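Visitor: Counting along the sequence shown from 1, when you hit position 116 you're at 116 in this note's numbering, and nothing is skipped either side.
A few of these clues could be false.
What the hints assert, rightly or not - Below, a list of computed lysine-lysine pairs in the DSBU-like style, where the Cα atoms sit at most 35 Å apart:
hint, residue 1, residue 2
1, Lys6, Lys84
2, Lys29, Lys86
3, Lys86, Lys6
4, Lys27, Lys6
5, Lys84, Lys27
Hints are computed from structural coordinates only; laboratory data are not their basis.
Owing to the predicted nature of the structure, the values given are computational and were not obtained by experimental measurement.
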Amino acid sequence: MTFMFKFYFIVQLSYWLHCFPELYFQKTKKDEMSSRICYASLYLLFFAAAYVLNFTRIAICLSVLHYLVESIFHVSRLLHFADKVKAASYGFTLWNVLFVLIRLVSITLTVFTFWYGLAQKEAAVPVGIATGNFKHLPCITATPLRRQSKGCILWCFSVWEAYHC
1 MTFMFKFYFI
11 VQLSYWLHCF
21 PELYFQKTKK
31 DEMSSRICYA
41 SLYLLFFAAA
51 YVLNFTRIAI
61 CLSVLHYLVE
71 SIFHVSRLLH
81 FADKVKAASY
91 GFTLWNVLFV
101 LIRLVSITLT
111 VFTFWYGLAQ
121 KEAAVPVGIA
131 TGNFKHLPCI
141 TATPLRRQSK
151 GCILWCFSVW
161 EAYHC
């Protein structure tokens, strides 16, 4: 793994770890704490698992896609706060469309990577901690349906949260 990949994951892990003490320092309300803790924990789990299991490339692709859509949302919010109503409206409409499209692209990319890419490839390096190869464990290659169902459940949850809050 290159230095830039490692640096990206260290920055991500440190950011999502810093969210927990930040709740205390910002004096977050009790009703907001559970959702923020869940949000930060899911991100932390995603990046930690991707780093430990050497799924860094797919994790970087998925996170960059996700962050691009989030940046459109935050720019639209800034435009809304600056009373640029028409531009903010266009931004929110663009975000609504891209949010669903990027989720579909993420699921498609994950299916192609795990189900078709890793499942059909033989392990050239032995699986284990010493080699750092976890990509061909039976729980990963033999049960892609289970992984994909978890991904679909998370996708449905994120769409539900986005449109019903």
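Visitor: Each hint needs a verdict: does it hold in this structure or not?
Guide: Right, here's what the structure says about each hint:
no.: 1; hint: Lys6 / Lys84; result: violated, 39 Å
no.: 2; hint: Lys29 / Lys86; result: holds, 33 Å
no.: 3; hint: Lys86 / Lys6; result: violated, 41 Å
no.: 4; hint: Lys27 / Lys6; result: holds, 32 Å
no.: 5; hint: Lys84 / Lys27; result: holds, 31 Å
The structure shown violates the earlier hints numbered 1 and 3.
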